[in-house]
Amino acid sequence: MSKKNEIINVENLYISYLDKKKDRIDILKDINFSLNEGEALGILGESGSGKTILAKVLMNIIPHPLKITQGSININKLGNILKKNDELLQSIRGKQISMIPSNPHEYLNPLENIETQIMNVILAHKKDISKKECYEKAIKILNEVQIPDPKKRMYAYPNELSGGMAQRVTIAMSLINEPQLIIADNPTFGLDVTTQIEIMNLLKNLLSKRGSCLIMNSTSAPLLIHYCDIIAVLYHGIILEYTDIYSFKKNPNHPYSSLLLASETLNFVDKDLPIKSDKDLKKEQKKHIIKGCLFQNVCKLADKSCFIYSPKLVKISNTHFVRCKYYYKNKSNIINF
Amino acid sequence: MNILEVNNLSKYYRTSKAIVKAVNHISFNIPKGQTLALVGESGSGKTTTAHCILGLTKITAGDIWLKKSDKESINIAKLPKDKYGLFRKSIQIIFQEPGSSLNPRKKIRYLVTRPLQIWGELTSTEIDGRLSELMNFVNLPLSLLDYYPKDLTPGQQQKISIIRSIINNPDLLVLDEPTSSLDCVSKIEVLNLLINLQKKYNLSYLYISHDLATVKYISNKIAVMYLGQIVEIAPTDKIIKNHLHPYTKALWHSSLDLEDDRRVTKNREKLLKGEIPSPINLPKGCYLYSRCPYAIEDCNKNPQKLIEVEKEHSVACYRIDIVKNK
Chain A
213 MSKKNEIINV ENLYISYLDK KKDRIDILKD INFSLNEGEA LGILGESGSG KTILAKVLMN
273 IIPHPLKITQ GSININKLGN ILKKNDELLQ SIRGKQISMI PSNPHEYLNP LENIETQIMN
333 VILAHKKDIS KKECYEKAIK ILNEVQIPDP KKRMYAYPNE LSGGMAQRVT IAMSLINEPQ
393 LIIADNPTFG LDVTTQIEIM NLLKNLLSKR GSCLIMNSTS APLLIHYCDI IAVLYHGIIL
453 EYTDIYSFKK NPNHPYSSLL LASETLNFVD KDLPIKSDKD LKKEQKKHII KGCLFQNVCK
513 LADKSCFIYS PKLVKISNTH FVRCKYYYKN KSNIINF
Chain B
866 MNILEVNNLS KYYRTSKAIV KAVNHISFNI PKGQTLALVG ESGSGKTTTA HCILGLTKIT
926 AGDIWLKKSD KESINIAKLP KDKYGLFRKS IQIIFQEPGS SLNPRKKIRY LVTRPLQIWG
986 ELTSTEIDGR LSELMNFVNL PLSLLDYYPK DLTPGQQQKI SIIRSIINNP DLLVLDEPTS
1046 SLDCVSKIEV LNLLINLQKK YNLSYLYISH DLATVKYISN KIAVMYLGQI VEIAPTDKII
1106 KNHLHPYTKA LWHSSLDLED DRRVTKNREK LLKGEIPSPI NLPKGCYLYS RCPYAIEDCN
1166 KNPQKLIEVE KEHSVACYRI DIVKNK
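From first to last, the protein sequence lines stand for chains A and B.
Counting in my numbering, the first sequence runs from 213 upward without gaps.
Counting in my numbering, the second sequence runs from 866 upward without gaps.
No lab work stands behind these hints, which were simulated from the structure alone.
Treat the hints with care, as some may be off.
[As the list claims (entries may be wrong)] Examples of chain A residues toward chain B, derived with CB under 8 Å:
{"#": "1", "residue": "Leu323"}
{"#": "2", "residue": "Ser374"}
{"#": "3", "residue": "Pro434"}
{"#": "4", "residue": "Ser475"}
[Stated by the list, open to error] From the structure, some residues in chain B lie toward chain A, with a derived Cβ separation under 10 Å:
{"#": "5", "residue": "Asp1048"}
{"#": "6", "residue": "Val1050"}
{"#": "7", "residue": "Glu1175"}
[As the list claims (entries may be wrong)] Take a look, some chain B residues computed to stay more than 10 Å from chain A by CB distance:
{"#": "8", "residue": "Ala926"}
{"#": "9", "residue": "Asp928"}
{"#": "10", "residue": "Tyr1013"}
{"#": "11", "residue": "Lys1065"}
{"#": "12", "residue": "Tyr1066"}
{"#": "13", "residue": "Ala1078"}
{"#": "14", "residue": "Ala1115"}
{"#": "15", "residue": "Gly1139"}
{"#": "16", "residue": "Pro1168"}
This one's a predicted model, so the numbers in the text were calculated from it and none came from an experiment.
Ideal placement from N, C-alpha and C gives every residue a C-beta, glycine not left out.
Based on the provided sequences and hints, a complete structural model is requested.
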């Protein structure tokens, strides 16, 4: 039995910035995961949970006030990309790792046509390619992403494309150099449900042909359950649950995960929810000051020790990790939907 | 009794080059105390319909009857603008983004009591009583009234805009995607709140959304819209069990469900191909012709009409007999 290749391995990653009083504020805390060849990881979280920052950090794009305080991101054959200089990173991005953005119209250059933009991606990593070869390669990839009449569409500008078409173009651009890892930052944002499925089916097919890894952000639990193998639930920069999709669907062990699933299916009784009513909530505290579990002021199960000790990610089975102390104590307390 | 009856409503926008048919001859009615959901992709005319009912845009053709009681009814479509006050009190709207629909420079107390002050029917002690009753009902502490909108979470903001719209005892609430910008905790709370309010005050809702899970949860009747037309209309349980129009089928199969996984790949032939046509040059025949897996050439010749297939269940499709059996 041959061991599968490990493509990416993130260890103990902390991203933070200093505020006006020079206090360290962590945006991402204690992020650990690894992915093998051909696997897909879904990062599930609401807006503001740090999904996009995580996606950017994986490509070593770190927006200004943020700094890496700890940790490493090891990528197959490349080593720790957080220690590479800008020149090396330039040759890695788009070739080894590439990104599918959430809003394609914002990402494509409005002043250049599709042909120039796709060919630029090829030429940036391959200097000795002839123009004709390059053109044919671009046509081939546009055919693969099922853009009708690609020879005509090559000369279109981004504003002439609909949301679904523009997203197909960005998928083509991210796949053209056959990268081993693709990071999709909420790729279905702003698309209609019928287009969303088409795009995701297409992306999944293309990736399974190439054997590339996918890391995908989304706010929708069903979408990730359908298209990923592993799910990480992110809440204010912390992974609360890290598991394969089957055990996530059947028994989510963290109250927050079961809440996320309940809000999608909506088949529950009012009293069963693991949340407090709004009246019991104090005024929202800033999350970095909070001691103990971050989910404390919403969770119905929280007791005194939840306000003092911050829980650690606990291994339940080989593929299932949870950051909640109630997993030990009284499992029946957590409601499964 | 129907609180609202919409007959052959149309709304066309004129641009310099062409006419955009945003809403095209739609009819429906909402019984008292019930919820009708308008479902469809973006650009299908859901929000335009809501704006027509609220009198926010001028209507091209059609009638909108608001029936306050058996004797008293108003045609909103034919009403001159200076008499809009007649129905403003009975129809209210809750917007998609609570943050941008509350004035950031006013305190919550002002925002919530403003409708009462405008109508001027209650004294200030009565206003306070009504306010504390409603704040209790939506589970918000009274201390919130002295905050500004920015101090509240989106869920609380949405609850405030719900209070603001029901404080004058309206008959009909238009809910324009009220949960789409909320996080999961407040989404559940707001939905449950809306259901409880409906029971208590016997409100009628027009619920606009593209999220089928919430639609199933809240509505009594569903109307599916596509390019300004209603293509299928039926009670919720009927449409869940037996959706007939190809577009409704596609919509159902593309909304992902937790229950049976990877269903999408199995049922790919039921999905639509291509993109939604532009509403400027609409096809002559069936609007779904270019995307429909069941289409034949005849579909492209004549425009289709809603046909009643069974009781309370109407579908606009020529090939309904063939689609039914598949």
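- Please name the hints from earlier in the document that this structure breaks, with their numbers sorted from lowest to highest. Hints 1, 7, 13, 14 and 15 contradicted; others consistent.
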